[in-house]
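Asks: Taken in order, these protein sequences are the chains called A and B. Just so you know, the working numbering puts 206 at position 206 of the first sequence, and the rest follows in order with no gaps. Just so you know, the working numbering puts 375 at position 375 of the second sequence, and the rest follows in order with no gaps.
Simulated from the structure, these hints should not be mistaken for lab results. You can trust all of the hints, since none of them are fake.
Copies of the same chain are indistinguishable here, so a pair counts whether it falls within one copy or spans any two.
In silico DSS-like pairs for lysine-lysine, Cα to Cα no more than 30 Å straight-line: (1) Lys406 to Lys52; (2) Lys406 to Lys323; (3) Lys323 to Lys125; (4) Lys286 to Lys125; (5) Lys122 to Lys12; (6) Lys250 to Lys190; (7) Lys125 to Lys12; (8) Lys122 to Lys323; (9) Lys12 to Lys286; (10) Lys12 to Lys290; (11) Lys12 to Lys323; (12) Lys323 to Lys52; (13) Lys190 to Lys406; (14) Lys122 to Lys290; (15) Lys286 to Lys122.
From a predicted model like this one, the values you see are computed outputs, not experimental measurements.
Number of protein chains: 2
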Amino acid sequence: MRVSQSLIPIIKENPAEASIVSHRLMLRAGMIRQHSAGIYSMLPLGLRVLNKVADIIRREMNAAGACELLMPTMQPIELWEESGRGGYGTETLKAVDRHERTMIYGPTHEEVITDLFRRHIKSYKSLPLNLYQIQWKFRDEIRPRFGLMRGREFLMKDAYTFAESEEQHQVQYDRMYATYFRIFRAMGLKVIPFKADTGLIGGDQSHEFQVVAETGESAIFYDRALEALTSADEIDVAAIRARYSAADEKHDPAICPVVHEDLVQARGIEVGHIFYFDDKYSAPMKALIKNRDGVDMPVKMGAHGIGVSRLLGAIVEAHHDEKGIVWPVSVAPFTLGLVNIRQGDASCDAWCDEIYARLNRANIDVLYHDTDERAGAKFATMELIGVPWQLIISPTHAADKMIEVKCRRTGAVEMMSLDAVVERFLVSSL
Amino acid sequence: MRVSQSLIPIIKENPAEASIVSHRLMLRAGMIRQHSAGIYSMLPLGLRVLNKVADIIRREMNAAGACELLMPTMQPIELWEESGRGGYGTETLKAVDRHERTMIYGPTHEEVITDLFRRHIKSYKSLPLNLYQIQWKFRDEIRPRFGLMRGREFLMKDAYTFAESEEQHQVQYDRMYATYFRIFRAMGLKVIPFKADTGLIGGDQSHEFQVVAETGESAIFYDRALEALTSADEIDVAAIRARYSAADEKHDPAICPVVHEDLVQARGIEVGHIFYFDDKYSAPMKALIKNRDGVDMPVKMGAHGIGVSRLLGAIVEAHHDEKGIVWPVSVAPFTLGLVNIRQGDASCDAWCDEIYARLNRANIDVLYHDTDERAGAKFATMELIGVPWQLIISPTHAADKMIEVKCRRTGAVEMMSLDAVVERFLVSSL
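The shape of chain A in the complex, shown without the other chains (with noise of 0.2 Å):
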């Protein structure tokens, strides 16, 4: 992408209206706009972010054999009065249309997904079943604040497990425990499992999964073995939960089981959940399915959510320096900034222009700063942004069609032939 066909509005000073510094970041750094009070426009730069995050996802999800779907965000309200739910007080959004129908703007789709169930699906043998999508939602959140992290209107990873016996559900469970950390893991994020309260959604078991930053929303408490155990390759789900980890409200240091030289206290946000909430919603809404015995039942249900949008913010809390943002490889908006430092010389320009279009045959993204800023503004701007590497082209190195190839996380520098840096940054076309 050329700066010159993009929208990347750069703020020097830091915004007024941001208190966090992720919020702070990424205004400054053109990536997202507020319209009303917590409710944005991805902005180019932040919407390739988003993207990421949601392919991350994507890609773990279906490794764990789940299935992705898209249900609507207008609801009917009449499934919320079927569930019990009516309407979820406060934080939903409804509209009423033309023929005088109330909607709500969907805050969460457990009722939509149970009526696809139950429309479809009468047998045990079609289970077990993991649906998800990754879908916008609307919280009519009382005080909206922290940019992406507490808006209103927000993506979600939403997915959904259907049982027939708790045991079965008890593997879909700890699939999507495991898999949590996978994902976060994929994003730079070190993440803690806690054992949570099941809250509005109701239901029997539920964990919560809190982003460790310096800068977190909350405090934190856990046994320090839990670094190595969340982060190994192969996760050992009951290894993990026999750990000590507990949020403020609930740490007492009087029962706690970790030694004070184990014990790590931190900052943590709140980056997923998941719930087992068995018949809660499949009994009153009658999604039946026939058991083994061929008796007519309501399916085990789950719910697994992850803030997808949200994720952004965390990912800047844990990952950012004076300079900007710093973002993990996986999730930049683009994996080098192409700085041409004399722009309108002509050898500049000419081996800038051979150095984008080769990258981008090569499906490498680059994101090339060509317009007439001086130098200075546009490696500032490269480091705001947080592009992982900056490849610098001045007059010299164009005479000698060379490359400085600058690390945006040590600030280590090299001098590279186009071919060598193709070489290293070829990721998505091999």
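Starting from the structure of chain A, add chain B where the hints point.
Replies: Frame of chain A, contents of chain B only:
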């Protein structure tokens, strides 16, 4: 994907609710399900087609220099009051939030993009600019019908172009015009352009694009020469505009310049629309740029839409037979359908598992029909769904380690090795 892990609710009889073939076939093939009038879930197969259609649009839009972003579904009504549209009548779905502020579920996004533009772009130097999104929209149609063809919640590609002069905008307009032929052609569609009214959105110059299909919603008339011109490798905009085309209500045989033998009478489905509306939004909303003389002037704008979810209906209208859908390969939910004709037979299961794993590793789309239904039902399902090629595995084929490959469109059958199948269908990993 395994059929056993998905939700593909096949319907054998024609559903009473569906009066046109695309609606009927998409329901029968388990691609979509309605929740309330004109509001659908995209089931796993339907979502895969939707994503492929959207990705073709993205590829061609990006190649034309357009840049993707994503605006929110819910818009503050104040922007609509500022532009003078005020709320757009009864088709607009409105919601009132907890602070008694009225929001609109966006049926289009002219106001939001104009607001983004005026906040960030101040000079002709940042032009031309083409920003687009692929986003869900809502129109509270008085009579939603025909499945995805006339839904209330629908997916649309909307691009907005910004220019400093009429000349610069004409270049953008013509580029979108040519790009649309490339987009539709890549989905196996023949489209004819028509000079159009500007309607509620208002403006000066406008064309709509209609897919030619026997079952189309409206009668159309055009010069036969347009068929070759619109499918040429290089789109010649003037040459196309010089030829006659007219929708039913505008066609007057008395003044039609085309001789009878060259005049095609067909039926069409509207799938795209491009507009130039100058300063209709930028003047009242004060989206001003400094021009080359240093004078502030309202930026000149255009909007360019494609009905993304509607296209699924249009493609099925153009590509089906008595057995079901015949998807063009580029938008098929899966390229290949693997049919195990004796599920439970150890050698068939093992050979299918080997084929399935190998194809997945090679990134070749494959739907594995792994349930215990009888072979006849599996073939009928694959034909109804419209998977372009079936890979058929019998005990004999398993013993020989061979694959019977059957083409959906022609019915031609060929025996191939797994290596040969991989070689033939390897598309995305080379």
